[in-house]
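First to last, the sequence lines map onto chains A and B. Heads up: the first sequence runs through residues 1 to 339, numbered per my numbering. Heads up: the second sequence runs through residues 1001 to 1193, numbered per my numbering.
It should be emphasised that the hints constitute simulated quantities derived from the structure, not laboratory data. Fair warning: this is a prediction, and the values are worked out from it, not measured in the lab. Backbone N, C-alpha and C fix where the C-beta goes; we use that ideal spot for every residue, glycine too. Do not rely on the hints blindly, as some may be mistaken.
Claimed, not checked - Here are the computed distance ranges between Cβ atoms for each label pair: (1) A:G28 <-> B:T1165: 45 to 53 Å; (2) A:R178 <-> B:D1091: 46 to 54 Å; (3) A:E179 <-> B:D1091: 41 to 49 Å.
To be verified - Which residues of chain B face chain A? A partial, calculated answer using Cβ under 7 Å: (4) R1041; (5) L1127; (6) V1161; (7) T1165; (8) L1170; (9) A1176; (10) L1180.
Said to hold, decoys possible - Just a few of them, taken from the derived set where beta-carbon distance is under 10 Å, the chain A residues facing chain B: (11) G16; (12) A20; (13) D23; (14) R47; (15) I61; (16) G207.
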Amino acid sequence: MNQGGARTARSTIDEGELHALVDGRLPGERRAAVLAHLLIDGGDRERVEAWRRQLAGLARIRAGLDRYAEGFAPELQKALADQLLRVRRRRLALRGVAGLVAASLLVLVGFGAVEAWRARPEITTAVVYEPEFAVPEFPFGGSLAHTATVKPEGDRERSLAWLASHLRDQPLELPDLRELGLVPAGGQVLDRGSAPAVRLAWTDAQGRMVDLYVGVVSSDAEQAFTMVGESLVSLHWRRGRLVFALVGPAESPELLQVVQAVISGMGRSGQSVPTGKAGAPSAEPRPIRAAVEPAANPAPAPNAATVATVPEKATAVTEETPTPPVVPAKLETDKAKAL
Amino acid sequence: MPWDPYTDESASEPEEIAAPEPRPRRSVDEEVLEHVSGLRRYALLLVGDPYDADDLVQECLVRVIAQARSWRHVRDLRAYLFTTLHNVFVDGHRRRHKHRGDVPIETVIADLLAPPRQQDWVELRDLVAALQVLPKEQREVVLLVGLEGLSYLEAANVLGVPVGTVMSRLSRGREALRRLTTHGSTARLRVVK
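Construct the entire structure; sequences and hints are all you get.
Pasting the structure below:
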């Protein structure tokens, strides 16, 4: 038989059928015909046997390389995790730029350019931010300006619970991150008009900050995103109408553990996992005791999409402040506008 | 009726890459890393250098991760990964290492293999050496089909060529291997890349 796939007058066997026979991909009815052909065509029989030896050799090579090929995984995981962080940072930076534009447009539409710009100097300062306030934008519908600050000293757990209570109708169990060496460091209530959000902060023994931003969105279509500095990484996930962003040092290998602990500590089933992270622990997260009871503070569902923010005076929150959340008068006004 | 590679059981699926149903959410580890061994094995025999092979796999996976949102809708992740690896290979994004060319690939692979009998070792060494002599288009097809067990249609999708081209390259590649490995002729071969 000629090589190259052409049929010949002396045989109806196609070249491809010989390969299909060797590869085990020839249907039964043709298999018999090809085998019969090989009985009378010594040249083709020799070629087929040679191809079979090649396949057997490749199979032995494959088996022999198993240990080599599998040994790559640990190195690769590390490389993938590193690369993922870089990719995410680039992506987040782009989103951050887009978010600033979107937030600015919202401000312009909502209040008018001049008035809004006068009223919201925090938008400008948010772009150039201090390292401890690494996430200037948490937009999904509006920009942020802090209205209350929890001081690190005092009853930090209760202060964090108080902050979480600002999420109103979205109960939030706070995670206990002490097993990971993180202690509560404070936080802020973030003014997003009628769409509440909080920043909860923990710090480790080296003073490195891990921030958990939790916001309420009004629809699945809204996206949460943050812009972080080069040395930071932000991991996102959402649970129902709550959107989370965990921000911490990019070089910290424990950050994914923190995510797991936060998710586990919040103790809710059916939550989404952070998106696109390599090297995420595949095992069940360790049970983390919730530090406080869920805040039960039902309130009307906010509308995050239409409200831009208005700066409010900072309200210090200390150990004596686990009181009902203080809603600034201006915020109430804006909420009324939005509704 | 003669056999037709377009209609055999392995070629019955009309579309291997795109799929309407999104994949269930799993971690990157579970989704991708289970295919890394195959990628690395294939890349090693494709490029003939362990360091270049690892670079190739690394670049492939970086691309996949960067497109993480889209690949979750890929039905056949293995084919998608091999397609990406092929594209990286064709694009020539591999970094060149100093090690390249220092040690013949057949020696490298022979060292990596579990020690077989002497006769097996010689045959495998000759086969690896002959693979490196093949034009890369033929080498790709021979490895995708013979080493990784892809169907002809899967190989065609990975390489972005018609099935007929795959069959043609497979035929020429296997015949070249047959000639090269007959009577120890690979001992006289020089690998030219």
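Consistency of the hints with the structure:
1. A:G28 <-> B:T1165: 45 to 53 Å: Distance hint for G28 of chain A, T1165 of chain B is violated at roughly 27 Å.
2. A:R178 <-> B:D1091: 46 to 54 Å: Holds, since R178 of chain A and D1091 of chain B (Cβ atoms, about 49 Å apart) stay within the stated range.
3. A:E179 <-> B:D1091: 41 to 49 Å: 46 Å, holds
4. R1041: With a closest approach of 4 Å, the R1041 of chain B hint holds.
5. L1127: Cβ of L1127 of chain B sits 4 Å from chain A, so the hint holds.
6. V1161: Not OK, violated: V1161 of chain B not within 7 Å of chain A, min 15 Å.
7. T1165: 11 Å, violated
8. L1170: Hint on L1170 of chain B: holds, closest Cβ of chain A at ~6 Å, below 7 Å.
9. A1176: Violated. Min distance 11 Å.
10. L1180: 10 Å, violated
11. G16: The hint holds - G16 of chain A has a Cβ within 10 Å of chain B, the shortest such distance being about 5 Å.
12. A20: 6 Å, holds
13. D23: For D23 of chain A, the interface hint holds, since the closest Cβ of chain B sits about 6 Å away, which is under 10 Å.
14. R47: 7 Å, holds
15. I61: The hint holds - I61 of chain A has a Cβ within 10 Å of chain B, the shortest such distance being about 6 Å.
16. G207: For G207 of chain A, the interface hint is violated, since the closest Cβ of chain B sits about 31 Å away, which is over 10 Å.
Taken one by one, the earlier hints fail for this structure at numbers 1, 6, 7, 9, 10, 16, listed in ascending order.
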